[in-house]
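Based on the sequences and whatever the hints tell you, model everything.
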Amino acid sequence: QKEVEQDPGPLSVPEGAIVSLNCTYSNSAFQYFMWYRQYSRKGPELLMYTYSSGNKEDGRFTAQVDKSSKYISLFIRDSQPSDSATYLCAMRLQAGGFKTIFGAGTRLFVKA
Amino acid sequence: NAGVMQNPRHLVRRRGQEARLRCSPMKGHSHVYWYRQLPEEGLKFMVYLQKENIIDESGMPKERFSAEFPKEGPSILRIQQVVRGDSAAYFCASSPETGLTEAFFGQGTRLTVV
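So the protein lines, in turn, are chains A and B. All residue numbers in the first sequence are consecutive under the working numbering, ending with 112. All residue numbers in the second sequence are consecutive under the working numbering, ending with 114.
Just so you know, these hints were derived from the structure itself, not from any lab. Be a bit skeptical, because a hint or two may be false.
Stated by the list, open to error - Under the rule of at most 20 Å between Cα atoms (straight-line distance), these lysine to aspartate or glutamate pairs were calculated in the DMTMM-like manner:
| no. | chain 1 | residue 1 | chain 2 | residue 2 |
| --- | --- | --- | --- | --- |
| 1 | A | K2 | B | E40 |
| 2 | A | K2 | B | E41 |
| 3 | A | K111 | A | D83 |
| 4 | B | K44 | A | D83 |
| 5 | B | K44 | A | E5 |
Structure, rendered in structure tokens:
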């Protein structure tokens, strides 16, 4: 069993739709949760960072962490064609200086 | 303020040759992380370095792979006697001296072994 499970998609939605991306994990010790966006042939770009359980909102993006269920989500409101990318969830045991475990990524296509 | 710089962006090596991948962290960053990404897979941690020290190399293959981050100059990931299975995208990330959780990634080096 992988430490982090993420549906690879692809996920195709019309412009303006609400997108829900999810990951599950097995290690209850994970404390820090991140979402990265990666365009084709580019490096990952940090979108959201959350410590422990709860919600965090930044513009059109909302990240949710449910540690009791070992489940994290990223919601994208009013999706745009420019949101078409691969979204990677990631998590870490401790702050700073320790390895991050990534999901395999979900490919998202937003159709105009 | 330049981001994390990796070079070369593309590298082609024949089986048995050596590959050297370079990473210059962002200004003010002294923590460097190397990751490998295979097609259709997420990033896999390889090694974490601070200046002149390897902190965690638990993701590095035991043979043929080595990494350094000297006092002066970029971090180097070195792969000796490359094999076809080494073909992947290699990403470097850096974070500040305080070890903040946010790390910034470079654009990667795509290694192709022929």
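Handout entry: Violations among the numbered hints, reported as their numbers in ascending order
Key = 4
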